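**Student:** Residues per chain are reported as follows:
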Amino acid sequence: MTTVVQVDRVSKSFGTQSVLRELSFSIEQGEIFCLLGPNGAGKTTTLEILEGFLTPDAGTARVLGYDPLTSGDTLRRRVGVVLQESGFPKFFRVGEMIDTWRSYYDEPLPYDDILDLVGLRSDETKLVRKLSGGQRRRLDFALAVCGDPEVIFLDEPTTGFDPEARARCWEAIADLRDLGKTILLTTHYLDEAERLADRIAVLLEGAAGAIGSTQELAQLASLGVTVSFQAPANEAEQLAREFPGLAAIGEVVEGQIDDVRTLFRRLETLEGHAAQRAYATLRIQPPSLEQAYLALVERQPDPTRSASR
Amino acid sequence: MTTLLVRLGRQAKLEQRAFWRNPDYAFFTFMLPLLLLALLGAVNSGDEIGDRTDINAIDLVVPGVLAFAVIVSAYANLASRLAVLRADGVLKRIRTTPLDPRAYLMAQLLSTLVTTLLASAATLLLGLIAFGVSPRAEGSLALALGLVLGIICFAALGLALSSAISHADAAGPITHATYLPLALVSGVFDPSINIPGWLETLVSLFPVQALVEFLVAAYDPTADGIPLGASLVLAIWGIGAIAIAMRTFSWAPSRK
Numbered sequence: 001m002t003t004v005v006q007v008d009r010v011s012k013s014f015g016t017q018s019v020l021r022e023l024s025f026s027i028e029q030g031e032i033f034c035l036l037g038p039n040g041a042g043k044t045t046t047l048e049i050l051e052g053f054l055t056p057d058a059g060t061a062r063v064l065g066y067d068p069l070t071s072g073d074t075l076r077r078r079v080g081v082v083l084q085e086s087g088f089p090k091f092f093r094v095g096e097m098i099d100t101w102r103s104y105y106d107e108p109l110p111y112d113d114i115l116d117l118v119g120l121r122s123d124e125t126k127l128v129r130k131l132s133g134g135q136r137r138r139l140d141f142a143l144a145v146c147g148d149p150e151v152i153f154l155d156e157p158t159t160g161f162d163p164e165a166r167a168r169c170w171e172a173i174a175d176l177r178d179l180g181k182t183i184l185l186t187t188h189y190l191d192e193a194e195r196l197a198d199r200i201a202v203l204l205e206g207a208a209g210a211i212g213s214t215q216e217l218a219q220l221a222s223l224g225v226t227v228s229f230q231a232p233a234n235e236a237e238q239l240a241r242e243f244p245g246l247a248a249i250g251e252v253v254e255g256q257i258d259d260v261r262t263l264f265r266r267l268e269t270l271e272g273h274a275a276q277r278a279y280a281t282l283r284i285q286p287p288s289l290e291q292a293y294l295a296l297v298e299r300q301p302d303p304t305r306s307a308s309r
Numbered sequence: 310m311t312t313l314l315v316r317l318g319r320q321a322k323l324e325q326r327a328f329w330r331n332p333d334y335a336f337f338t339f340m341l342p343l344l345l346l347a348l349l350g351a352v353n354s355g356d357e358i359g360d361r362t363d364i365n366a367i368d369l370v371v372p373g374v375l376a377f378a379v380i381v382s383a384y385a386n387l388a389s390r391l392a393v394l395r396a397d398g399v400l401k402r403i404r405t406t407p408l409d410p411r412a413y414l415m416a417q418l419l420s421t422l423v424t425t426l427l428a429s430a431a432t433l434l435l436g437l438i439a440f441g442v443s444p445r446a447e448g449s450l451a452l453a454l455g456l457v458l459g460i461i462c463f464a465a466l467g468l469a470l471s472s473a474i475s476h477a478d479a480a481g482p483i484t485h486a487t488y489l490p491l492a493l494v495s496g497v498f499d500p501s502i503n504i505p506g507w508l509e510t511l512v513s514l515f516p517v518q519a520l521v522e523f524l525v526a527a528y529d530p531t532a533d534g535i536p537l538g539a540s541l542v543l544a545i546w547g548i549g550a551i552a553i554a555m556r557t558f559s560w561a562p563s564r565k
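If you read the protein sequences in the order shown, they are chains A and B.
Following this note's numbering, the numbering of the first sequence begins with 1 at its first residue and continues without gaps.
Following this note's numbering, the numbering of the second sequence begins with 310 at its first residue and continues without gaps.
Take the hints with a grain of salt, since some may be wrong.
Mimicking DSS-like on lysine-lysine, the simulated pairs with C-alpha atoms at most 30 angstroms apart in a straight line are [to be verified]:
| no. | chain 1 | residue 1 | chain 2 | residue 2 |
| --- | --- | --- | --- | --- |
| 1 | A | 126 | B | 322 |
| 2 | A | 90 | A | 130 |
| 3 | A | 90 | A | 126 |
| 4 | A | 90 | B | 322 |
| 5 | B | 322 | A | 130 |
To spell it out: a stretch of chain A is covered by chain B in this simulated footprint if at least three of its residues, at any positions, have a beta carbon under 8 angstroms from a beta carbon of chain B; those stretches are [said to hold, decoys possible]:
| no. | segment |
| --- | --- |
| 6 | 101-112 |
| 7 | 191-200 |
Just so you know, these hints were derived from the structure itself, not from any lab.
Since this is a predicted model, take the numbers as computed values, not measurements.
Idealized CB from N, CA, C, for every residue including glycine.
Just chain B, with the same shape it has in the complex:
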């Protein structure tokens, strides 16, 4: 067990180092949410939401972008990275060694966790410094739980999706196509978006809106504690994704 943990730690450290050396991943994972927040913040700063006087639009933009940071880092980045590693034969090479496959995958997840937490922290900090928006003290639990559940759920989804991507070239388009439309209709970029009732019901079944709802609860003074429905949605998607990943994850590239 000690050896496993030592190897896990060592591998995760190396993966982190390699991640930050890759300008593409570093930019899209870390800088994109910050740029997005800066732009959306500039557009929405001072705007009101309906007849509410207790908060401005920017108070809900920050948790939306925070959700975006989690999704990009834990889901899109992990799925495309693993798909590329598989298509390039790197995973197969790893499997020719006696390294415990659990240690390798856990290291990838640990590295993703670190990256996601850093991206989330940077987004929170920018929201505070640039727009004076910070989570409510009563919302701390929702924020912490939302981040933990969100990271686990989306990392599991990323792991599961990676096996469905057979070519490295398709990794980016497939991952972005699976979350961007949902992000648009889930209020990630526009908290005051109005969508038809049927679409709202449909979208509420997906984890993107569940995560947004969770993180908004940390900022919105009218929110009441932990959103249980959103917790359930994230948990179900997370568990389902883990089950799929365990069945479909492969180390060798597809022979197609």
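If we strip away everything but chain A, and leave its shape as in the complex, we get:
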């Protein structure tokens, strides 16, 4: 695997406000990596450092091996950017914008491929100011991929979208992943991170509180799995007493446990058809990103902890 983005102990302050504190993470080629955190956690600041708009106070940032501050056009040819808030010249037409942006690159994607990728074929001749919010975001994507970039930075790409526009945006991001692009995504939507990202860095007070897949974050947050099954009422109550994370309501047992294997062994000891019934109704749910995120935020773990890399 090739490391495409490397952030090493980067700190950044604005006046007396410290936004990033020794933030470190790396992104491998072809990965969708998500910076997740509440507003003001430092997500956009991190991206602006990687885009070369901000200078870190300490630490180093590298994209494709280049320092974004000094690499200039060499890096910009290989990186696509969707900014969090960025307008368009309102009196350009969609097709003109895409065509103009293509002209900035030596080997751009074909014009028709871009229109098809973002689904703006029928809006080609529309003035930009007449596009809806969702269509403008798709144009954002179109401009970001014009140069056929290896790396794409997406800063809160679906903020303010309605559900349909979000779904379309997610499709576009998935399509970019299928094209082999490395994507760094920031969001404060947990479902977006869970749906799209291979790995997630939870930013807490300017540092990576934890980094990993949803499962790895759940492990870091010491979360168990959620189980539910049915058993005779007396057995259900007994099981709830034996496993502190479980509760019995009539014949239904449910709750969160760390050790599923011990539960399985115990269910095998149930008499008659009880064991068969328990297995037949057993539902096991891994912890969601939301559970892991909330647990991590509550615990404010040591910023140096990391599940991998």
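Place chain B on chain A using the hints.
**Tutor:** Here is chain B on its own, set in the frame of chain A:
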């Protein structure tokens, strides 16, 4: 170099196209000087200036409005457009691409030059057709040099001012507030205006009156060649503005 020029030309062409599609910019840049000339011409037509018999007031109204056209197009329009593009994040978006920033800014300036020349030509033409006023043959050099120096100076000032405007909403009020008072006391709208001596001295240090003086020299038969003082004022302001713009021009919106 060839690529840079090709991109510059392409960008400038696109900027021109977008400019004329925007009714607000097109009206205020192109139509406003024409309307102003029509109105001021109607008011001043036939009026005399003091005891002069060689020219009428309208002969000096046309160069005044011509100066106004240059200032609105090269200065106010460029400054507010760039400020809005910056505040909206368009300049920042441009900076995420490998487009040479010099090509983008030169394209903006080239587009401004074209617009200003068109607005100036329309003003000259209206002065000729509606009021029979045209520059003297001996004043052609002053007219050409005045337009070139004026456009460069005011475009540079527009570029420098754009960085001082932090919000799109403030772009119009700030740009107009910086030139309209000077235009009023510099004889742009009323060539026979009488102002106190101290104010006249003060105003002569600013580029608005310098441009008016330059363009009036093209029409006034008593004017003597190229006004050197006005040339110097325009040159100093232009060079100063370029130096400030190079230091302060930013691509990203203010974090304030």
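**Student:** Please go over all the hints and tell whether each is borne out by the structure.
**Tutor:** Cross-check of the supplied hints:
1. A/126 x B/322: Holds. Residue 126 of chain A to residue 322 of chain B sits at ~19 angstroms (cutoff 30 angstroms).
2. A/90 x A/130: 8 angstroms, holds
3. A/90 x A/126: It holds: about 10 angstroms lies between the C-alpha atoms, which stays within 30 angstroms.
4. A/90 x B/322: 16 angstroms, holds
5. B/322 x A/130: 22 angstroms, holds
6. 101-112: holds (count 4)
7. 191-200: With 0 residues close enough to chain B, the hint is violated.
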